[in-house]
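Chains A and B, in that order, give the protein sequences. Numbering of the first sequence is given in our numbering, commencing with residue 10 and proceeding in unit increments. Numbering of the second sequence is given in our numbering, commencing with residue 10 and proceeding in unit increments.
Treat the hints as calculated values from the structure; they're not laboratory data. Careful, some of the hints might be misleading.
[Unchecked claim] Among the chain A residues that face chain B by a calculated CB cut under 7 angstroms, a handful are:
#: 1; residue: E27
#: 2; residue: G31
#: 3; residue: T160
[Unchecked claim] As a list, the in silico SDA-like pairs of lysine to any residue whose alpha-carbon atoms are at most 25 angstroms apart:
#: 4; chain 1: A; residue 1: K115; chain 2: B; residue 2: V216
#: 5; chain 1: B; residue 1: K115; chain 2: A; residue 2: K115
#: 6; chain 1: A; residue 1: K115; chain 2: A; residue 2: R50
#: 7; chain 1: A; residue 1: K115; chain 2: B; residue 2: S138
[Stated by the list, open to error] Which chain A residues stay away from chain B? Per the calculated CB distances, all over 10 angstroms, these:
#: 8; residue: T76
#: 9; residue: G106
#: 10; residue: D311
#: 11; residue: P314
Each residue gets a CB set at the ideal place from its N, CA and C atoms; glycine is no exception.
Number of protein chains: 2
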Amino acid sequence: VARGTSDHAAIYLRYLIEIELGIPAGLAAPSVTTIYGAEVRWGGGLVIAVSQSGRSPDLVAVMEAATRSGATTITIANDPASPLAAAARHVIDCRAGEERAVAATKSYVAQLAAGVAFVAAVAGDTGLSAGLDSMPDVLDRTLATAAATVTDGAPIVDAFAGSERSIVLSRGFDFPTALETALKLKETGRLFAEGYSSADFSHGPVVLTEPGVPILAIRPDGRPGPAVDEAIEAARRAGSEPWVVGSANLAGGAGLAGGDPAKILRLPLPDDLPEPLSPMATILPGQLLAEAVSRRRGYDPDAPPGLRKVTLTR
Amino acid sequence: VARGTSDHAAIYLRYLIEIELGIPAGLAAPSVTTIYGAEVRWGGGLVIAVSQSGRSPDLVAVMEAATRSGATTITIANDPASPLAAAARHVIDCRAGEERAVAATKSYVAQLAAGVAFVAAVAGDTGLSAGLDSMPDVLDRTLATAAATVTDGAPIVDAFAGSERSIVLSRGFDFPTALETALKLKETGRLFAEGYSSADFSHGPVVLTEPGVPILAIRPDGRPGPAVDEAIEAARRAGSEPWVVGSANLAGGAGLAGGDPAKILRLPLPDDLPEPLSPMATILPGQLLAEAVSRRRGYDPDAPPGLRKVTLTR
Numbered sequence: 010v011a012r013g014t015s016d017h018a019a020i021y022l023r024y025l026i027e028i029e030l031g032i033p034a035g036l037a038a039p040s041v042t043t044i045y046g047a048e049v050r051w052g053g054g055l056v057i058a059v060s061q062s063g064r065s066p067d068l069v070a071v072m073e074a075a076t077r078s079g080a081t082t083i084t085i086a087n088d089p090a091s092p093l094a095a096a097a098r099h100v101i102d103c104r105a106g107e108e109r110a111v112a113a114t115k116s117y118v119a120q121l122a123a124g125v126a127f128v129a130a131v132a133g134d135t136g137l138s139a140g141l142d143s144m145p146d147v148l149d150r151t152l153a154t155a156a157a158t159v160t161d162g163a164p165i166v167d168a169f170a171g172s173e174r175s176i177v178l179s180r181g182f183d184f185p186t187a188l189e190t191a192l193k194l195k196e197t198g199r200l201f202a203e204g205y206s207s208a209d210f211s212h213g214p215v216v217l218t219e220p221g222v223p224i225l226a227i228r229p230d231g232r233p234g235p236a237v238d239e240a241i242e243a244a245r246r247a248g249s250e251p252w253v254v255g256s257a258n259l260a261g262g263a264g265l266a267g268g269d270p271a272k273i274l275r276l277p278l279p280d281d282l283p284e285p286l287s288p289m290a291t292i293l294p295g296q297l298l299a300e301a302v303s304r305r306r307g308y309d310p311d312a313p314p315g316l317r318k319v320t321l322t323r
Numbered sequence: 010v011a012r013g014t015s016d017h018a019a020i021y022l023r024y025l026i027e028i029e030l031g032i033p034a035g036l037a038a039p040s041v042t043t044i045y046g047a048e049v050r051w052g053g054g055l056v057i058a059v060s061q062s063g064r065s066p067d068l069v070a071v072m073e074a075a076t077r078s079g080a081t082t083i084t085i086a087n088d089p090a091s092p093l094a095a096a097a098r099h100v101i102d103c104r105a106g107e108e109r110a111v112a113a114t115k116s117y118v119a120q121l122a123a124g125v126a127f128v129a130a131v132a133g134d135t136g137l138s139a140g141l142d143s144m145p146d147v148l149d150r151t152l153a154t155a156a157a158t159v160t161d162g163a164p165i166v167d168a169f170a171g172s173e174r175s176i177v178l179s180r181g182f183d184f185p186t187a188l189e190t191a192l193k194l195k196e197t198g199r200l201f202a203e204g205y206s207s208a209d210f211s212h213g214p215v216v217l218t219e220p221g222v223p224i225l226a227i228r229p230d231g232r233p234g235p236a237v238d239e240a241i242e243a244a245r246r247a248g249s250e251p252w253v254v255g256s257a258n259l260a261g262g263a264g265l266a267g268g269d270p271a272k273i274l275r276l277p278l279p280d281d282l283p284e285p286l287s288p289m290a291t292i293l294p295g296q297l298l299a300e301a302v303s304r305r306r307g308y309d310p311d312a313p314p315g316l317r318k319v320t321l322t323r
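Work the whole structure out from these sequences, hints included.
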């Protein structure tokens, strides 16, 4: 149960729960409760809310309904004293510290970490816990590497700031990374940036590709890699050579061979990093890109016009 | 379990199942099965695949896994002899006739109808069955009304054909209508058209609104109406007066007062039409708009370059 940036953390959590625990998971549609007043029979299930502020009234209404229907309920939020936390039986406190910008960034990474900690505890030892312990160092190094490349005046910033339309692609655990990168570009840069799974891209949006439309592909080392390579090749055939975020281990697979090496950002991810943990790192270049694009276009990335930190929706 | 246009029919079906039956429902992520090889425990549940061709190998793999795990499985497809139908225990044949264009249109409406027929049978008499019987007439009249307005040279066609960026909004049962209208505009018109729920719009994409970006709002008579009105007002404040698709009964509520009457398309929907049935009608103006925009931009709407009828994804 989530909206906006937290919705992308919830999508990540759904992949994590299905893949690591084998339990079917899906995203709630709040209007089913808040607009249609349907009593959904969540009893026997687990309902998890994810929110930065914990103050969106529609999410609170859904969690109250889920608790009422007998579900086990957990709120993952940055404020354990928030109404959304009060509406759930259990709370996981993100402890990310105050999110001073309207556009959420560090709290997104903290939501992913909270999800991993929860699933690792349920699954028993799968290497996720040890990997999670290494993440502060990994993220420090990733941020330093990304900040050296994605900076004012860098070609990638010029490319995205100079186009009203762009596309962000990935698959699997990094599909939410693509969605979140696109949302940050939209919110702070005010450009049409759309995130797609590499599979859905082939089902339609591939026709939007043309030389003036920059594309960013998050290319995981793990199992979705070849699927993302295919999307990179499709984009290249349509005339737009994608920018690629990958790891230092990224082999020159089909998707990268023939590409422009200057368009590939290699993050210093450890060889043995479990794939589910990499989205905490792969979002960082996207967040930096959105910040730089926003400034380049003359906006304040911390306070996009027309947005509020707590969004009130029916 | 679905992709592309059928994904939007699946989202519609999820609303229908949760609201009419109170059973939690969600969309599958095929990569969980096809890329990560996870064995999700769907046993005891119902897994429904929706597809025009019934031939996407990734959807077949998910349905085989679901059947194997003990789930009750149903395929809703336009070809009861397709591999996706063979992978399920039960088949609902859409009988829409051959979809001659690559961009699916009549088969989408037939998928919604198949979903209503199924849920009405499970729910017992809720008025849905009687309403469904009236739909052929309602759709004939809706198509005639929409075709008289959304036609070559009409202002709405000029507006969308003349911009590289546009937004389609709705909420609840018509949220998939917004997504599907946007996808058709993308596929056949090759423009960045993005579909949003009116709630998610307020969480970010509202900042994309500006005078040169046309907006289409599907404004249901039913309970989500006021929420869509709020999005219409937000768009108007940002400088883009939305085009509105509503019914002949559409009252001049907050969202419409002050708008341009020439931008409101009133469909001849019966007063007593159950709200869940209206998406079969409200998609028609969007399909006609995409066709006209595609021609106006010099493309063949029946054969968008770069797309195939059966999409092969990992």
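Okay, the hints, checked on the actual structure:
1. E27: holds, 5 angstroms
2. G31: Holds: closest Cβ of chain B sits about 5 angstroms from G31 of chain A, inside 7 angstroms.
3. T160: violated, 24 angstroms
4. A:K115 / B:V216: holds, 22 angstroms
5. B:K115 / A:K115: violated, 45 angstroms
6. A:K115 / A:R50: Distance ~34 angstroms between K115 of chain A and R50 of chain A Cα, so the pair is violated.
7. A:K115 / B:S138: violated, 50 angstroms
8. T76: Non-interface label on T76 of chain A holds, nearest chain B Cβ at 14 angstroms vs cutoff 10 angstroms.
9. G106: The assertion about G106 of chain A holds, with a minimum of 22 angstroms to chain B.
10. D311: holds, 14 angstroms
11. P314: Per Cβ check, P314 of chain A is inside 10 angstroms of chain B; nearest 7 angstroms; violated.
Violated hints for the displayed structure, listed by number in ascending order: 3, 5, 6, 7 and 11.
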